[in-house]
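J.: On the provided structure of chain P, position chain W as indicated by the hints.
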Amino acid sequence: MSDAESPSSFDPTAQSFEPVSVFPDAEDMDLRPGADNCYKCTACDTSCPVAEVDDEFPGPKFQGPEQWRLKRKSDEAVDDSIMSCSNCMRCDNACPSSVPLSQMHNTARAEYVDEEMDKLSREYLRNRTLANYRTLASVGSKVPRLTNFVMGNSIVQKINEKILGITAEREFPDFATETFRQWWNKRGGPKVRSEEKRVAYFHGCYSNYNTPEVGKGMVRVFESFGYEVVVPKQGCSGTPMFANGMLADAKREAGITVDNFSGLIDEGYDVIASCTSCSMSLKQEYPELFSMDGIEDLSIHTYEAMEYLRIHEDLEGAIADASVEEQAFAYHAPCHARNQGLDRQAVELFRDLDGVVIEDVGDSCSGISGTYGWKEEKYETSMKIGEEMFGHMEHSTGNVGMTECPTCSMQMEHGTGYDIKHPLQLLEEALVE
Amino acid sequence: MAIEEDVIVIGGGIAGSIAALSAADTGAQVRLVTHKKSTLRHASGLIDVLGYTDGESGPVHDPFTSLDGLPEEHPYSLVGESAIRGGLEIFDTVTDGAYSGAHTDQNALVTTSGGAIKPTARYPTSAAAGLVSDDRSMLIVGFRSLTDFNGELVADHLAAAGVPFEVNGAEIEVPGNYRADARVTRIANALDLNKDLSYNGRTLPAREAFAEAIKPHLGTADRVGVPALLGDDHADDVRADLERSLGVAVFEIPMGPPSYPGLRLEDLLFDALDDAGVRISDGNPAVGYETAADGDTLESITIDRRGREIPYHAEQFILATGGLVGKGINSDRNGVYEPVFNCYVPHSDDRYQWFSEDAFGEHPFATFGVPIDEHCQPLTAEGKTEFSNLRAAGGVIGGVDPTAEKSKSGVSLATGYAAGREAGEAI
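First to last, the sequence lines map onto chains P and W.
Using full-length UniProt numbering, read the first sequence as starting at 1 and increasing by one per residue.
Using full-length UniProt numbering, read the second sequence as starting at 1 and increasing by one per residue.
In short, the hints are calculated from the structure, not lab data.
Note that CB positions come from ideal geometry on N, CA and C, so glycine has one too.
Be careful, since some hints might not be right.
[Stated by the list, open to error] Capping the alpha-carbon separation at 27 Å, the derived lysine-lysine pairs in DSS-like fashion look like this: (1) Lys40(P) / Lys73(P); (2) Lys195(W) / Lys384(P); (3) Lys197(P) / Lys233(P); (4) Lys375(P) / Lys195(W); (5) Lys158(P) / Lys142(P); (6) Lys40(P) / Lys327(W).
[To be verified] Listed below are several chain W residues computed to face chain P (Cβ distance under 7 Å; list not exhaustive): (7) Lys37; (8) His42; (9) Pro257; (10) Gly283; (11) Arg308.
Just chain P, same shape as in the assembly (with noise of 0.2 Å):
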C-alpha cells in the first residue's frame, strides 16, 4: 500500500527509514539502482549511435531499465544484444531523470560475460585480449620496431583476423621507439618542485606507449604554468575492461590506480589524464562500479588535463596572448569528452589562439569506440557511425584532425587519411618556448 492511501501511519521523518539499505549494492550484478527513475520518454535511445545505424540493436533503454524489469518478472538472462553497446555512454549525458544507464550496461555486460559466454570461445579470448591492451603493448613496445614491422604486416592481418577476429581492415598503431615512462627516467622525472602546485599524471597506455610526445606535451606545459608533475606507477585505466565485461580485470586495476595514487592525493596532488577515456573512468566508472577504500577521493581528484588548467589558470589570458604558425584544424569531441562536459573546451580556447581555424566537426561519435571497432563483426557498424564524422571533416577547412581520445583518433586516421593531434600538442606549441 502506498502512503499515499493511509498517510497518518507513516512517518517520513523517522530515523528507521532508510529505503537505500534494502537494495544491494552495485558490486552485487544489480541492475536496480536508478532504474524506477526512468519514465521511458527515450532521450537515451535517440542519442545512441549504435541504434542509429543497426536496426537490430534495442537501444540503451532496452539494456539498462528494461532489462531490469525482465529479470525483475523471472530470472531472465542479460541478453546477448548487451555486446553490441559500445560504451560510448552518451546515453547517461542523455538521461533527463539521471538513470545511470551506463553503469547499468557495464553490470548487464559483465554479467552476461561471466554467465552466458563461454571462456573457451574465440570471442571471449579476443575480447580479453583486446581488453588487456596494456598487457600486449608492455610486450610489443620492448622491441618496437620488430612490432611495428610484424603487425604492419598484411599475413599477420589477415591471421589476426581469421583467429582472433580482429579486423585487418586496420592498421595496428605504431609502437614509440621511446615510450613516455622511459623518457621520463631518462629526465629524471619533474624539472619543477613545488609544494602548492601539484599534480600526479595518469598517462594511460596509449600516451606512454604509442604517442609519448602527448604526455611530453603534457609535462612541458604543466611545468611552464610551475606545477610539479609526478608519474607514479601505473596499470590501464580499466574502460577496455568495462566495454568487454571483464570487471574482474578492471577492479584489478582499479586497485592499482588507488594504491599508487591515494597516498599524493593525501599529500596535495590532484590526478590528472591526458586521454578522456582514462580521466572519465577515474571519475566515473570507479565509484559506480567498485567500493575500495579511497576510490571516492581519487574521484573527485581527477581532472582531464586542459581542464585543469582552464580552472586553476587564466589559460584562456594565455592563449590570447600566444601565437603559432598558420594551421587550421578539424576538431572532434571524443564521447567520454563530451559526458564530463569537456566536449567545447578545446574549440573554445583555440578559436582564440592567433594562427589557428578550427572547427567543431559536429557531435556525432567517430564510431570505433576502443576496442569496438577493432571486433570484426562490428567493424562495418563501426565505419557506418563513423561516416558523418568523415564527411564533416572533409568539408572543414582543416587539414589535420584534432581529438583527446587516442581511439577516436586511430578512427579519424582510417577514414579520412589526416594526420591527428591531441590538443596538449597545440598547447605546448603556443605556451611552451
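T.: Relative to chain P, chain W alone:
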C-alpha cells in the same frame, strides 16, 4: 578567476537559449550551462503564446488582445507585450523558414496527436498543411506498431470537434522489416537516409515505399497527415518527396517523445547560439552559488563536474532551468524548492494541498515556481529580490498554469527575452 563571463545562463531549453541570444545581442559575453538534454525532446515543438484564458470560453483568437484580461502577477503582465514580441522576433529569426505563423498575430489551429486542436502562435512549416481552419479534405495515417498514435482515432476526434472538412483515418503497416518494438527513431532514420526497404515483395527506397503504402487509402483527400517522424536532418526533402509521389499536401502531426519537431528546434537554437558566439557548457549540473560579502550579489555559480565543484564567475545570472518536468523546480516530502539558488517557491506546507482531487481540476502544483518582479528578478517571501544580479526565465517561474492556458513557450520567449536583455544591459 579562470572561468569568467559577463552573463551566465543556466538551462538549455527555449527560455535559456532565447535569454542567451537576447543577452548576446546586447554585446555581452555569454555562457550557457546546461545539464542533461533539454525537455525539447519531449515537447511538441509548437510555440503557443496564449491559447485559453479564464475569461473566454473558447480558444483565444489573438493572444495580444487577450493580455489585458490576465492577472497582474502573470509573467506577461509583468514583462509586457513588448517582451513577448521581442522573444518572438528572436525566435522568428532563428527559425527562419522552418516555422510558420509570423505573418499574423492571430492563433493558428493546429492538429495534435490526440486529435485535439491547439491554438498556437508559431508552428513547424511541416505542420502547416494541417491547419484546421483550412477546408481541404484530410486523411490521417497512423502506423500499426506505433501505439502512441492512431490515425482513425485522430480522424474521429477531429470530426467530432466539427472541423469544416471531410476527415478520414487509416492505420497501415510500416513498410520495411523492423523488430516488434520498432521505434519512431528507426522509421525517421530510414526516411531521412531514404534507405532501401522491403514493401509488398519489392525493395523500394523508404520514401517511395511509404508513398505506396499510403496511396490505397488516399481516396479524395487533398492532404495527408502523419505522425511527426518524416526524417531528421533532411525532413524537408522527405516531405517534398512524399508530396510529389502522392500528389497531395503532406503534413506532420507533433507527437510525444522522442519528438522530432522538438529535436529539430533544439538544433536550430543551438546553431544560433554558436553563431552568436555564446559559449556552451553541457553535461554538468549547477548545484550552488557564492555571493559577495553583502550576501546579496552573486559572484559565481557552482558546477558539479562529477564531484568536483567548480565556480563559474559572471556579473549577471539567469535561471532558466525549467519547471517540474525539467527539474528546475523539485519537491520532496518536506516541500517544494528551487534547487540551485533555493529561491522562494510559494506552496502549502501540507503536501496533500498540492493537488486537486479532480484529475482535470485546478492543481496547485501546476503553478509552482518562483515569483518574479517586472525585471524578471526572483522575489523572496517578503517580496524583495533574492539576489541583485539574478533573473529568471521560462518554466521555473511560477504563478501561472502554462499547460492549461497554453502559454508555456510564450512565457519562455517573453521572459527569456526580457531577462537576457536586462542582464546584458546591466554589464
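J.: Are any of the numbered hints broken by this structure? If so, which, sorted upward?
T.: Violated hints: none; all satisfied.
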